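Visitor: Here is how the chains run, residue by residue.
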Amino acid sequence: MSSALNRREVVQQDEIAQFERMVEIREFEEQINGLFASGEIRGTTHLCLGQEALSVGLAAELRPTDIVMATYRGHGIALSLGLTPESVLGEIMGKTIGCCGGVGGSMHLCDMSVGLLPTSAIVGGGIPIAAGAALAFQTKGTDSVSVSVFGDGATNIGAFHEGLNLAAIWNLPVIFICDNNIYGEYSRIQTTTPIEDLHLRAESYNMPHFSLDGMDIHAVRKGVKEAVDRARNGGGPTLIEAKTYRFAGHSRADQALYRPVGELELWQTRDPIKVTQEDLIARGVFTAEQAEKIKTEMKSTIEGVVATCKASSEPTLASMFENIWTPKKVAHV
Amino acid sequence: MSAMRVRQAIVSALADEMRADSSVMVFGEDVAVAEGPFKTSEGLLAEFGSLRVRDTPISEMGFTGAAVGAAMLGMKPVVEIMFVEFLGVALDQLVTEAAKMRYLSNGALSVPMVVRASCGSGLGFGSQHSQTLENWFAATPGLKVVSISDAQSAYSLMRAAIQDPDPVMVLEPRILYAERGEVDLALQMEIGKARVLREGKEFTVVSLGQMVNVAREAIAVSGVDAELIDLATVVPWDRQTVLNSVKKTGRLAVVEEAPQSGGWGSEIVATATSQIFSHLKAAPFRITTPDVPVPYSGVLESRYVPTVEDVARQLKESLVSNQTPKTWWELEGLK
Numbered sequence: 000m001s002s003a004l005n006r007r008e009v010v011q012q013d014e015i016a017q018f019e020r021m022v023e024i025r026e027f028e029e030q031i032n033g034l035f036a037s038g039e040i041r042g043t044t045h046l047c048l049g050q051e052a053l054s055v056g057l058a059a060e061l062r063p064t065d066i067v068m069a070t071y072r073g074h075g076i077a078l079s080l081g082l083t084p085e086s087v088l089g090e091i092m093g094k095t096i097g098c099c100g101g102v103g104g105s106m107h108l109c110d111m112s113v114g115l116l117p118t119s120a121i122v123g124g125g126i127p128i129a130a131g132a133a134l135a136f137q138t139k140g141t142d143s144v145s146v147s148v149f150g151d152g153a154t155n156i157g158a159f160h161e162g163l164n165l166a167a168i169w170n171l172p173v174i175f176i177c178d179n180n181i182y183g184e185y186s187r188i189q190t191t192t193p194i195e196d197l198h199l200r201a202e203s204y205n206m207p208h209f210s211l212d213g214m215d216i217h218a219v220r221k222g223v224k225e226a227v228d229r230a231r232n233g234g235g236p237t238l239i240e241a242k243t244y245r246f247a248g249h250s251r252a253d254q255a256l257y258r259p260v261g262e263l264e265l266w267q268t269r270d271p272i273k274v275t276q277e278d279l280i281a282r283g284v285f286t287a288e289q290a291e292k293i294k295t296e297m298k299s300t301i302e303g304v305v306a307t308c309k310a311s312s313e314p315t316l317a318s319m320f321e322n323i324w325t326p327k328k329v330a331h332v
Numbered sequence: 000m001s002a003m004r005v006r007q008a009i010v011s012a013l014a015d016e017m018r019a020d021s022s023v024m025v026f027g028e029d030v031a032v033a034e035g036p037f038k039t040s041e042g043l044l045a046e047f048g049s050l051r052v053r054d055t056p057i058s059e060m061g062f063t064g065a066a067v068g069a070a071m072l073g074m075k076p077v078v079e080i081m082f083v084e085f086l087g088v089a090l091d092q093l094v095t096e097a098a099k100m101r102y103l104s105n106g107a108l109s110v111p112m113v114v115r116a117s118c119g120s121g122l123g124f125g126s127q128h129s130q131t132l133e134n135w136f137a138a139t140p141g142l143k144v145v146s147i148s149d150a151q152s153a154y155s156l157m158r159a160a161i162q163d164p165d166p167v168m169v170l171e172p173r174i175l176y177a178e179r180g181e182v183d184l185a186l187q188m189e190i191g192k193a194r195v196l197r198e199g200k201e202f203t204v205v206s207l208g209q210m211v212n213v214a215r216e217a218i219a220v221s222g223v224d225a226e227l228i229d230l231a232t233v234v235p236w237d238r239q240t241v242l243n244s245v246k247k248t249g250r251l252a253v254v255e256e257a258p259q260s261g262g263w264g265s266e267i268v269a270t271a272t273s274q275i276f277s278h279l280k281a282a283p284f285r286i287t288t289p290d291v292p293v294p295y296s297g298v299l300e301s302r303y304v305p306t307v308e309d310v311a312r313q314l315k316e317s318l319v320s321n322q323t324p325k326t327w328w329e330l331e332g333l334k
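Residue numbers (numbering that gives the first Met the number 0), protein chains in the order written: chain E, 0 to 332; chain L, 0 to 334.
Hint data in this document are derived by calculation from the structure and do not stem from the laboratory. Predicted model, so just to flag it, every value in this text is computed and none were measured. All residues carry an ideal CB built from backbone N, CA and C; glycine is no exception. Be a bit skeptical, because a hint or two may be false.
Below, computed lysine-lysine pairings styled on DSBU-like, alpha-carbon distance capped at 30 Å [as the list claims (entries may be wrong)]: (1) LYS280(L) x LYS334(L); (2) LYS246(L) x LYS280(L); (3) LYS38(L) x LYS139(E); (4) LYS192(L) x LYS327(E); (5) LYS224(E) x LYS139(E); (6) LYS247(L) x LYS325(L).
Listed next, with one range per pair, are the computed distances between beta-carbon atoms [what the hints assert, rightly or not]: (7) GLN274(L) x ARG187(E): 54 to 62 Å; (8) LEU90(L) x LYS309(E): 35 to 43 Å; (9) THR325(E) x LEU50(L): 23 to 31 Å; (10) ASN5(E) x ILE57(L): 43 to 51 Å; (11) LEU90(L) x VAL284(E): 46 to 54 Å; (12) PRO193(E) x ARG179(L): 52 to 60 Å; (13) ASN5(E) x ALA138(L): 37 to 45 Å; (14) SER126(L) x MET319(E): 34 to 42 Å.
Start from the sequences and build out the full structure, keeping to the hints where you can.
Guide: What follows is the structure, given as structure tokens:
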């Protein structure tokens, strides 16, 4: 099993590696549904099917010393940043092999070796925290940046406005990325929000802002790079709105019956994996046969991951009592 | 030893920690240029500069959350919440984010942040600016909760809180800010350790915050030979000191500036009753406020909170009768 840091280096290598990671996320998320049906996963989970380009494009433009504060829809971001499929699926299955030893679950993924802070299951909760991480970078004088990823629904919660305002007045090195997949839980954005282009909200914080095509990894990388460069060079925060679509419902219980007929199919014509594959073939980066081979191999890789996670041990009862407080340091006289 | 006001003891603790550790920073509403609404950050901006001492907008959720993020990335932020009630709008960040980050990182992260908040009744600030609210935080594993009761604990507990690797809530009874006391700058207080302020044989009186002064005076006027314990830390509370005292005296009263229902004192009474029942000469009891919001009128507010006279009455009655005394509002036929 490769380490998270190695996997991070891989995703930053080339376009084929990025395509492979997107395929990995797709296969991974599709396995989750089956594991729910067979009772291997409990609770809930929030899939990012259709949004693979955003997380992979983001990971490709960050250093492992930068940090990301993401949300309960975090499997794709965790895998993109480098967490192994075993450590993510293991966590979702509540096993010791999981990145949090099984006490966290699907909504709580973390690995500081690649800068992933514990993902938050509270809408908007991570936004001020990401600003705070950037505050630490600024105060210490490092050139690291902080990234906050959140959904469209979060732009209506106070934490969004307080976090952006704080970042703006202190000129913090933070990039706010709104993953606008049009639906906040079961509600379409127009019914909850009076504007369609959510990045415009940064205008009232005098903060640079733009939207990009979140289904296109090139657009994601270009936009993220611009914002990261600005933050790293003392230019302060940016709000990016990535226009995306989630191919599945909000969470496990949601079959997304509220979507207009044909909407999903329309977005599927812009499936980020399909778009990237066609682009790479058109540019002669790989052949259609090679693309199919990647997909086939990934399918069996992820099946192997499922088997490994199923075989992993359950947490001990003692693990429930660990990590509440930091153990006292032994005093050296 | 040096004499100083409680608010000066707080300033000294902050300044000494900032001198000792460059990762300590302070932010909150009007804490920098104005040096704090209660002058608890006097001189900090001048000495430590605007990177480490910052004024924030009026957005407790935003800056409390920023403290969580900064703490995880190597800083030791101390944030000031002007009135503890303002944490209502920041509760998610403290209770659901800060308190859980170590657990949800499998021990990879610590959150060494301090939330300071002024609290308590007695100054006529009304229902929304006079509560203590320690009970809100006491039921959240992952947080530590302390309250200062005099200049010494303001200095020593604050330093311990800032040095602590986990999120610590420091409650500062506002009415004490101007009070003077002797401070031994070398004296260390440990979080989780209560202070025995008076030794006694007949009764154990456990108290917290501004009620420590009330309990001390009540013991003096009652003539009861009571042991006075300043609990100092609500979570994790010092079972050993409290239970050892109650084993010796056989009697326990808890004096709390908080509503009768759902208080930390219930935890202490329940623990004593279940753990050392055979040592008890009478049922342990609590002296609290009634289950009402803090009223504004001086006449009402002064009776809302346990008074010296009422605490003294209850200690004396209990010592004589071995019964749990009635509350003042029961005696007045008000409930």
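Visitor: For each hint, tell me whether it holds in the structure or not.
Guide: Against the structure, the hints come out as follows:
1. At most 30 Å may separate the alpha-carbon atoms for a hinted pair to count; LYS280(L) and LYS334(L) meet this at roughly 28 Å.
2. A distance of roughly 10 Å separates the Cα atoms of LYS246(L) and LYS280(L); the hinted pair therefore holds under the 30 Å criterion.
3. Simply put, LYS38(L) and LYS139(E) have alpha-carbon atoms about 27 Å apart, close enough for the 30 Å limit, and the pair holds.
4. With a C-alpha separation of about 15 Å, the suggested pairing of LYS192(L) with LYS327(E) holds against the 30 Å cut-off.
5. Of the supplied pair hints, the one linking LYS224(E) and LYS139(E) holds, its CA atoms being roughly 23 Å apart against a limit of 30 Å.
6. For the suggested pair LYS247(L) and LYS325(L), the alpha carbons sit about 25 Å apart, so the restraint of at most 30 Å is met.
7. Separation of GLN274(L) from ARG187(E) is about 57 Å and conforms to the stated range, judged on CB atoms against 54 to 62 Å.
8. A hinted range of 35 to 43 Å for the beta carbons of LEU90(L) and LYS309(E) is consistent with their spacing of about 39 Å.
9. At roughly 26 Å, the beta carbons of THR325(E) and LEU50(L) sit within the given window of 23 to 31 Å.
10. For the pair ASN5(E) and ILE57(L), the beta carbons lie near 46 Å from each other, so the given range of 43 to 51 Å is met.
11. In this structure, LEU90(L) and VAL284(E) meet the distance hint of 46 to 54 Å, their C-beta atoms being roughly 50 Å apart.
12. Distance hint check: the CB atoms of PRO193(E) and ARG179(L) are about 56 Å apart, consistent with the given range 52 to 60 Å.
13. For ASN5(E) and ALA138(L), the hinted distance range of 37 to 45 Å is satisfied, since their beta carbons lie about 43 Å from each other.
14. The hinted range of 34 to 42 Å is satisfied by SER126(L) and MET319(E), whose Cβ atoms lie roughly 39 Å apart.
In the structure shown, no violation is registered for any of the earlier numbered hints.
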